[in-house]
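Participant: Now for the letters of each chain:
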Amino acid sequence: MKRLIGIASWFFPSLTGLCCLLILAMVVIILGDIALHGVQRLSWEFVTAEPRVGMTEGGIFPAIFGTVLLVILMTIAVVPLGVATAIYLHEYARQQSKIVHLVRLALQNLAGVPSIVFGLFGLGFFVAFLGSGIDAVVFGGRLTYAQPCVLWASLTLAVLTLPTVVVATEEALRAVPRNYREAAYAMGATRWQVVRRVVLPQSVGGMLTGAILAISRGAGEVAPIMFTGAAYYLPYLPKKLNDQFMELGYHIYVMTTQSPDVEATKPILYSTVLVLLLVTFALNFTAIIIRSRIRRKLRST
Amino acid sequence: MSTSVAVSVRPDPKIRVQRVNIWYGAFHALKDVTFDIPSRSITAMIGPSGCGKTSLLRCLNRMNDGIRGFRIEGEILLDGCSTLGGRDLTKLRKRVGLVFQRPNPFPLSVFENVAYGPRVHGEWSRSRLGEIVEPALCATALWDELKDRLEENALALSPEQQQRLCISRLLAVQPEVLLMDEPCSALDPVATARIEELMQELKQSYTIVIVTHNMQQASRASDYTGFMWLGELVELDATTTIFTRPAQKQTEGYVTGRFG
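Heads up: the protein sequence lines correspond to chains A and B, in order.
For the first sequence, the numbering used here begins at 1299 and goes up steadily by one.
For the second sequence, the numbering used here begins at 106 and goes up steadily by one.
Everything labelled a hint here was simulated from the structure, so no lab data went into it.
None of the values given here were measured: they were computed from a predicted structure.
The beta-carbon is built from N, C-alpha and C at its ideal position, and this holds for glycine as well.
Careful: at least some of the hints might be erroneous.
[Said to hold, decoys possible] Here are the simulated distance ranges between beta carbons:
| no. | chain 1 | residue 1 | chain 2 | residue 2 | range |
| --- | --- | --- | --- | --- | --- |
| 1 | A | Ile1587 | B | Trp128 | 49 to 59 Å |
| 2 | B | Trp128 | A | Arg1472 | 24 to 34 Å |
| 3 | A | Gly1439 | B | Ile172 | 36 to 46 Å |
| 4 | B | Phe132 | A | Arg1472 | 24 to 34 Å |
| 5 | A | Gly1315 | B | Pro153 | 49 to 59 Å |
| 6 | A | Ile1397 | B | Leu260 | 34 to 44 Å |
| 7 | A | Ile1587 | B | Trp248 | 34 to 44 Å |
| 8 | B | Gly185 | A | Gln1393 | 29 to 39 Å |
| 9 | A | Ile1397 | B | Arg233 | 38 to 48 Å |
| 10 | A | Arg1593 | B | Glu250 | 27 to 37 Å |
| 11 | A | Asn1477 | B | Ala343 | 25 to 35 Å |
| 12 | B | Trp128 | A | Val1415 | 40 to 50 Å |
| 13 | A | Arg1593 | B | Gly130 | 33 to 43 Å |
| 14 | A | Val1411 | B | Leu260 | 34 to 44 Å |
Could you build all of it, start to finish, from the sequences and the hints given here?
Facilitator: The following block contains the structure:
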């Protein structure tokens, strides 16, 4: 018995340590491979020029531009909606009510839906239904919004990332100590005043964490935008909400599977993947900086 | 022997609690409690943990209302008007403020903490807020200590300063009644003494109800003391009477430390 405990006391720590090493190794191998191969073709021209010669030459600027635009639009859509939902669920709704239960259930299920299904949903709901509706009512039937475009793609991504934002925001709201709320209520503050002046300032950091997670998730998704707005190749940048756009993830997919000469695109492919990682990182980093700014501002006042 | 004793009417009752029963779900937390709280005096509630004294205190400004399964019967009158009907808790809580067991300043500056209440009640002018903040801090003797640190975060203050800040924060909405839920339990003896001193000054203009675990505190700092036991108000009388010749055996047992 004693020997068994002895064995267990070194076996389990080693096992868990090994698992950690394994994960570390995988990350290092993946990133190392991408960085090594990707850095060869990386140049100023590569990030500022358009693709040429069947995507074997030139750069990927339209895809970078499209990705950033897509993610920004998605963030603008998902953060207010998600935060408002979380505030209602956590601060206003009666916790044991059927509706709240249903909304929570829906959110959990939403988080489990495969991303390709979001793509089809976007095509069916945003493009075919909403787009056609807008065209019929506003544009007299002229084809304007009933087509895949950056607006619908970003809204589809917003739906995909909604659970992330709601859950993170609720977590942040839950973390606001009860005695702050009670102190405010005990002075006769209304519910909205408590939310506005006590709860929100306290939880804004957590909300932005939700936004950051949503950005990470959204920037890497390809399936939801395949049918809803991403283009194989465009000779122009998107200028209106109903323009199509190129996107890094989709560009990678296209180059690996749809290009006339897959072998020839390989060096570019590596660099594109590297750029995708860097862009995602940059978007995240921006959000993190905004968050720390806001936190500092709140702390000082 | 465990029938609650209705305490004789004293002059000028600020709050009258009449046959109040409360339940949390099936738990009967207050049983037929009746007493008067005289104006501009300090009434202390003592009793062992779980006897209902905090529940009683929280009924006075309806802080229990949000709790699931909470139910109340009976009547609580403030200046002769019922406080239990009506949905406007804002007005009631403006008149009857609560100081919590643990100091709970907002993580804002000292100034913003005190200005929070007036802001909530619609005062936005910075200069007029300043006119409210200064006397509120003076009333708790914080002004001299903190007048140069108004922009500092309140969480950086000592616990005692925080608790006095919480009282200032309450005074800034100009309440009539101060409820204090063991306001000194997180403080050391010196800080406790200063809060008690402060209470003596505040009772010149406010009606104070304090819940305390500490019998010495009740005997030192209050004018009237009520002893609660298992949800009932066993006895309430002038503090000297309660601590020297209480009418009830149970009270005597508790204040002399034989049980509880």
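Participant: Going through the earlier hints one by one, which of them does the structure break, listed in rising order?
Facilitator: 3
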